[in-house]
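A.B. asks: Just so you know, the sequences run in chain order B and H.
By the numbering used here, the letter at position 217 of the first sequence is numbered 217, and the numbering carries on one by one without gaps.
Going from the second sequence to the numbering used here is simple: count from 1 and add 1000.
Take these hints with a grain of salt, some might be off.
The calculated DMTMM-like cross-link candidates involving lysine to aspartate or glutamate, where the alpha carbons are at most 20 Å apart (straight line), are [to be verified]:
no.: 1; chain 1: B; residue 1: Lys47; chain 2: B; residue 2: Asp67
no.: 2; chain 1: B; residue 1: Lys531; chain 2: H; residue 2: Glu1065
no.: 3; chain 1: H; residue 1: Lys1110; chain 2: H; residue 2: Asp1021
no.: 4; chain 1: B; residue 1: Lys531; chain 2: H; residue 2: Asp1039
no.: 5; chain 1: B; residue 1: Lys305; chain 2: B; residue 2: Asp409
no.: 6; chain 1: B; residue 1: Lys805; chain 2: B; residue 2: Asp768
no.: 7; chain 1: B; residue 1: Lys646; chain 2: B; residue 2: Glu671
no.: 8; chain 1: H; residue 1: Lys1023; chain 2: H; residue 2: Asp1056
no.: 9; chain 1: B; residue 1: Lys675; chain 2: B; residue 2: Asp456
no.: 10; chain 1: B; residue 1: Lys805; chain 2: B; residue 2: Asp789
no.: 11; chain 1: B; residue 1: Lys362; chain 2: B; residue 2: Asp505
no.: 12; chain 1: H; residue 1: Lys1023; chain 2: B; residue 2: Asp181
no.: 13; chain 1: H; residue 1: Lys1023; chain 2: B; residue 2: Glu275
no.: 14; chain 1: H; residue 1: Lys1110; chain 2: H; residue 2: Glu1065
no.: 15; chain 1: B; residue 1: Lys531; chain 2: H; residue 2: Asp1071
no.: 16; chain 1: B; residue 1: Lys47; chain 2: B; residue 2: Glu14
no.: 17; chain 1: H; residue 1: Lys1023; chain 2: B; residue 2: Asp184
no.: 18; chain 1: B; residue 1: Lys523; chain 2: B; residue 2: Asp789
The hints are simulated quantities; they were obtained by calculation from the structure and are not laboratory data.
Computed from a predicted model, the values in this text were never measured in an experiment.
Now for the letters of each chain:
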Amino acid sequence: MDDLLTDFVAETREMLEASEGEIIAWEADPTDRARIDTIFRFVHTVKGNCGFFDFPRLASLSHAAEDALADCRSGRREADSALVTAVLAIIDRIVAMVDAIEAGEECPEGDDEALISALKECEEPIDGTDGDAEAHHHQSSKGHAPANAILDKDGDHKTEAAAAKKVDPIAAQRSIRLPVDLLDRVMSGVSDMVLARNDLAHRLRQAGTQPTIDGPFERLTTILADVRDAITRMRMQRIETLFSAIPRLVRDLAADLGKQVMVDLEGGDVELDREMIETIRDPITHIIRNAIDHGIETPHERLAKGKREIALLSIAARQSGNTISIVISDDGAGLVQDKIVAKAISTGLVTEDECAKMSREKIINLVFEPGFSTADEVSNVSGRGVGLDVVRDNLERVGGSIKVTSTPDVGTLFTMQVPLTLSIIAGLTVGAGDQRFAIPQSYVEEIIHASAKALDFTHVGETALVTFRGSRVPCLTLCDVLDLPPSDLENAQQTMIMLRLASGDLFALAVDQIHSHGDLVVKPLAPAVMKSGLYAGSSLLDDGQPVLLLDVTNVANEHGLVSDARQRVLQTADSAASNKAKDASRAMLFTDFAGRRSAVRLEMVQRIETAPVSALDLAASQPRAVIDGVILPVIGVDQTTMPPEKIRLLRLTDGHCELLHAVREIDDATEITDKIKPVADDPMVEGVTLIGGQTITLLDGHALFARYGEAPAAASRRVCSLPQSDWARDFLAPLVASAGYQIAETEGEKVDVAIWLDEEFEAASALDMTFEAPVVRLRDRVDGGDDTDTVYRYDRDGLIAALQKACAAGGNS
Amino acid sequence: MQELLVMAQIAGRRCAFPAHDVKSVIEIGAITPVPCTPDFILGITAMRSQALTVVDCRRALGLDEASWSLDDRAIVVLVGGHFYALRVDSIEDITSGLGAPEDVPGGFGKEWTRVANGMVETRTGPALLVDLPLLIAGPDALGVAA
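The shape of chain B in the complex, shown without the other chains (with noise of 0.2 Å):
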């Protein structure tokens, strides 16, 4: 008895399944006998299986169901929406009913009676404003049908026939039911045999060539990745488990928002794991939601702007290689790019001139980003606060992407890849140490060894960079990310693998060694494994061993190697504002004394200098050179690879100050012409780029010259005259020397600034005396209370600011 139940219930569930979207699509048009039939098959059914079991409300329900239907069929009432609606809810208090069935409880308690009443009660308009329903049927079925449809009747049985061939259902598949869990059995028992097998093979390969074992050796081999292919194949599903459900969705939002959407569904047949079907139901129905509630107008608005007033949401399916792109596309309105970019620029993601420079299709893409929802108004059917950045991260989780494009008026078409299964990828198992990881391979754009010339692996700062078709991409070294001890292997002995991650960042890993790629079984990891971020998963490799699947997209997270919404929305402004700039970038190519191929902007270079070596002053903290009669502080110098003689200077300045730089070699001046990377690490670098297939480090003049630059000692300092005391002599004097200033050596010379003793100070002032510079009070009291007109005599940095300020003072008046 248990067993004829279950089997009712499944029945009754998997029929549900099918006449599902055969309701909606009969409601579209009621004339449409193969729905009718199908609907009145499972409702015929469902009353015909209540026999065996006693469930009289589950009867009556079914039975009034199938009396308003038969009606239908035998053309003695109209199908109207009205009527969908009632069969509908019947339907739905039968899968209620059927539910309880199954979990063993009572039916849940419901006006049945109400139900069956609303099937009659639709009926009666028709039976009380046409007394002869059948003989005039034709005739008011067509009441709001094309006009041309009434004149040419035969035309309209025509393409009732065709449209009764077209929805032909796809074949029905012979199935069984078998729970997941057996599958599951199945699948690893399966695992286990490749891994016999491979065990085996080894053992039969030390043994040797054996002609009477190789043979059937070769047969099991090929059985076995037949049985494990069809065993991947049992844990596809057709897509059409996930569609079965749209048409409903779609119908119902569509009455509740006074729409009217038809739906057009394809490549139902499509094939995907079960998993992963689980995996996009979300985004597809967000995305329905959305167009259904923002992108589908009225049919009011619809019939203003020239268009049918009934909308088509068409939602397709199509496998290409091992990723299936679904397409959900409307034609609605069309997303609103002056909208996007309000909300854009609202809330911060880019400014008005970023705007401005975007492409239409950056534009629109932006409504992927985080925090974005153009809804005006939250309505009960989208803006539920899951926006469209949760549907991108769910489908960039497990290796897909989404893109969309969007016409105004036209439509919106919204285009999803996703691969073909969770549990199976292709994989490149890599080598760190001594161990081994596997990477999807999916996110492998390019293996390169990295003693390749055209790497050019270099560091800036700590960030070590490699180039990939021209441009600057960041590297990680394995070992590092996962801290295992360093390899012996040099920098240059590595391999390099290129990944491309799904937001379109790139990055090098550097590995020991590649060992193999192939398909992996993808198992998941406990908790405390995942909890490192590190790992998506394990896998056994054809010798047993355990390998760990990395996380590329975590692990390039977690050393800042996506970029976040801001930047990739600005990708292409950057290029745009680097393009302009690109004509007038001129820059001086040299080779400094580490080695390190740099420039600087030829703007900032005055003069290239030869110096005697013996000009260089190395002894001090900051090392300086006497060019011309002045003193300059010199940076790059590097006392372990000076030349012996004559040193070459670049000598820099901004219009003010100067500074040398030392060079081993002086190149070129050129063009910068192509984009310029920033890079963070080293504040002295402005960026990396690229000049004649060569990394340039560029430096940056402004932080040059924040840190080392100076005025030319001889010309510009200012002098400052001193009390006259052997205290001001003996302490002072230097301090202000080393400070930039000239000490006035007579009295009565022009002095920019006055050091003064307070005492004496206030003596002269009381004195009447007029003092012709700014003036500097020094006291002698360390706590000079709210005296702020006086530096205490030791204190060095509140001297020098006041000297500073009172010469700025000075300059001014």
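Once you've looked at the hints, dock chain H against the given chain B.
C.D. replies: Structure of chain H alone, referenced to chain B:
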């Protein structure tokens, strides 16, 4: 209550695992270390086509493992849908518990109380009944809870 228990020594103390949770006892083969995980996770190892997370019970309790010997067999348990191989000092026997687990006034000491489901009497004497999910959560879980 005559529940079957797998008896083992952890850090020199007798502990009991409900036999229902114990899937098997395996010889530990090669363990693949997992970098950047807490130190009580020794790595993963393969049992047929299953990957097991190898947990050192002594470290999972927050105790120093160096003072005790290590059994080259491990207890395989299923917790939350994942298989774990538990490494202990030694695996003793399977026995049946006499009566329900009881609490002992004053607890079992800080580390042990965290993972204890109480004391259970067995034919071979009293033992600490281990709560597997808490054991596998590791010593840091204590800090979070406190």
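A.B. asks: Confirm or reject each hint.
C.D. replies: Tested hints:
| no. | hint | in the structure |
| --- | --- | --- |
| 1 | Lys47(B) with Asp67(B) | 11 Å, holds |
| 2 | Lys531(B) with Glu1065(H) | 23 Å, violated |
| 3 | Lys1110(H) with Asp1021(H) | 24 Å, violated |
| 4 | Lys531(B) with Asp1039(H) | 13 Å, holds |
| 5 | Lys305(B) with Asp409(B) | 8 Å, holds |
| 6 | Lys805(B) with Asp768(B) | 24 Å, violated |
| 7 | Lys646(B) with Glu671(B) | 28 Å, violated |
| 8 | Lys1023(H) with Asp1056(H) | 17 Å, holds |
| 9 | Lys675(B) with Asp456(B) | 17 Å, holds |
| 10 | Lys805(B) with Asp789(B) | 12 Å, holds |
| 11 | Lys362(B) with Asp505(B) | 16 Å, holds |
| 12 | Lys1023(H) with Asp181(B) | 17 Å, holds |
| 13 | Lys1023(H) with Glu275(B) | 27 Å, violated |
| 14 | Lys1110(H) with Glu1065(H) | 17 Å, holds |
| 15 | Lys531(B) with Asp1071(H) | 28 Å, violated |
| 16 | Lys47(B) with Glu14(B) | 15 Å, holds |
| 17 | Lys1023(H) with Asp184(B) | 17 Å, holds |
| 18 | Lys523(B) with Asp789(B) | 74 Å, violated |
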